[in-house]
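Position chain B relative to chain A; hints supplied.
Listed below, chain by chain, are the residues.
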Amino acid sequence: MKESLKRIFNAGWTNFKRNSYLSLGTTGVMALVLFLFSALLALNFLSLKVVSSLQEKVDVTAYFKAVATEDEIMKVKDDLSEWSQISNVEYISRDQALEEFKARHAGDILIQDSLAELDDNPLQASLNIKASNPSQYAEIVTFLEGNKFRTLVDKINFYENEEVISRVEKISQSIQNWGMLLTLGLAVIAVLITFNTIRLTIYNQKQEIEIMRLVGGSNWHIRAPFLVEGGIYGVFAAIVTLVIFYPVIYLASPKVELVMPNASLIGYFAANAFKYIGMVLFVGTMLGVVSSAVAIRRFLKV
Amino acid sequence: MALDGVSLEIKLGELVSLVGPSGAGKSTLLKLLTREIVPSQGEVYVDKVNLANLSEGDVPLLRRKIGTIFQDFKLLSNKNAFENVAFALEVCGASSEEIETDVPKVLGIVGLQEKINSFPYQMSGGEKQRLAIARALIHRPNIILADEPTGNLDMVNSYDVVKLLLKINELGTTVILATHNREIVNSIGRRVVTMEKGKVVRDQVEEGKYII
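Residue numbers (the numbering used here), protein chains in the order written: chain A, 1 to 302; chain B, 1 to 212.
Next comes chain A alone, as it looks inside the complex (with noise of 0.2 angstroms):
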């Protein structure tokens, strides 16, 4: 058995260093393919980084009146805090929000003067509200409206946001979406072209699998060193495309960190190494593996 495999290993790593043209250009284009799944891989991840920054800008704010004590105010936030798709509430206090606004404004003197004139404090004290996803804000505002201490609340501005918050969500949905759909059509494209090389590479072995065939190889002799001739295509594929694509990355992630200042290319692939690499060796060498064992079906009937 131990031997039968050492045997089926050699016979197939001799193939591809004999046939070097072939097992070059099958690699190569193995290669391409995978550095496309790598490609869309750092597609993906810029997608979802400016679909979540989309969705950090929008938020619900709910002023309260005046009269509201501290505590009840407090009460509607642990209210709001059991719930799991509120990723996070802020309470503002009036005097908070005061300073807040007169560091806003630390260069305007209208401003300073006139808030100076003012005995009270003009402004409200707030609930902010941020959930996990933008198309629960219309959930948290139909709570907020029923809640018992719906009279202390003086507005809500989610009626002014709720065009821009439903248009981000629209856009955040088409991105994911077009993404997913471009990703599969590629990854279908990759596969056909990798089955289609290899299958060619077959073929022009046809005859040596006849004779196999006249000299008593059974199907599983025959096919066997095939497989593995896929799956070091496969694993060279994966190779190239990693010495390939960490420099590209490593190039490109400051051009679009430019653009995009939370998006680190380089930081996502590096802290996920491990999986990547893994997921690249795995995906090449079973596409190769794969594609040799459909490929050679059709020269095996004896």
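There may be inaccurate statements among the hints.
[Claimed, not checked] Cut-off 16 angstroms, straight-line C-alpha distance, at most; resulting in silico cross-link-like pairs (EDC-like, lysine to aspartate or glutamate): (1) A:155 with A:145; (2) B:31 with B:43; (3) A:6 with B:43; (4) A:6 with B:97.
[Unchecked claim] Some chain A residues judged to face chain B by a derived CB distance under 7 angstroms, without partners named: (5) 18; (6) 108; (7) 111; (8) 211; (9) 218; (10) 221.
Calculated directly from the structure, the hints in this document are not laboratory data. We put the CB at the ideal spot given by N, CA and C, even for glycine.
Below, chain B without anything else, positioned relative to chain A:
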């Protein structure tokens, strides 16, 4: 119809020359024996086994009992001489030690010990055919089928091949030689089966000659 009403029995250890013009059905008859084709009517027995009862998985086993030699050699072009012969042993499940000792030995028998690492494209026609014979011999088959083995060779190389076949037959192996080379058949002088248009027209059991 390639063959019509052929009834033939070949005993263990015989050397039979199968002669006749091209298209007489000689190759078809040999292909029936290796089950490359299945008869539309009638039965074929090899080693007391009815080939019609053979499952797909058993076909390779049948072919390992038979050594086949072809006019166009049918060597594996990207394997060298050693590997071409070794492949036939590997499919029989031989150990590496067996392969290491037997392959050079059989290459020596056919006079190719110098060419052990050569690829088929580096060999002459006669050498290729001798390599094919080495491959057919390596697993010690009971039967050797030779389909026009001298068809692509000159006279000198042809006689080398025939001498090898005679030597193999002397060691007890059944040899069936399909050919239309008159001089060769006449020089062998054993059983000669003559075919024409898919029928056996003559079966000379001893001292056979090629007569048309």
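Comparing the hints with the structure gives:
1. Of the pairs offered as hints, the one joining residue 155 of chain A and residue 145 of chain A holds, with about 10 angstroms between alpha carbons and a cut-off of 16 angstroms not exceeded.
2. Distance restraint check for residue 31 of chain B and residue 43 of chain B: the Cα-Cα separation of roughly 13 angstroms lies within the 16 angstroms cut-off, and the hinted pair is therefore satisfied.
3. Proximity of residue 6 of chain A to residue 43 of chain B is assessed by CA-CA distance (about 41 angstroms); at most 16 angstroms being required, the pair is judged violated.
4. The suggested pairing of residue 6 of chain A with residue 97 of chain B holds, with an alpha-carbon distance near 14 angstroms, which does not exceed 16 angstroms.
5. Interface hint at residue 18 of chain A: satisfied, since its Cβ lies 5 angstroms from the closest Cβ of chain B, which is below the 7 angstroms cut-off.
6. With a least beta-carbon distance of about 83 angstroms to chain B, the hint placing residue 108 of chain A at the interface is violated under the 7 angstroms criterion.
7. Hint on residue 111 of chain A is violated. Least Cβ distance to chain B is approximately 85 angstroms, over the 7 angstroms limit.
8. With 7 angstroms as the threshold, the beta carbon of residue 211 of chain A comes within range of chain B, its nearest partner Cβ sitting at about 5 angstroms, so the hint holds.
9. Because the smallest distance between the Cβ of residue 218 of chain A and any Cβ of chain B comes to about 4 angstroms, under 7 angstroms, the interface hint for this residue holds.
10. Hint on residue 221 of chain A holds. Least Cβ distance to chain B is approximately 5 angstroms, under the 7 angstroms limit.
Consistency note: the structure conflicts with the earlier hints numbered 3, 6 and 7.
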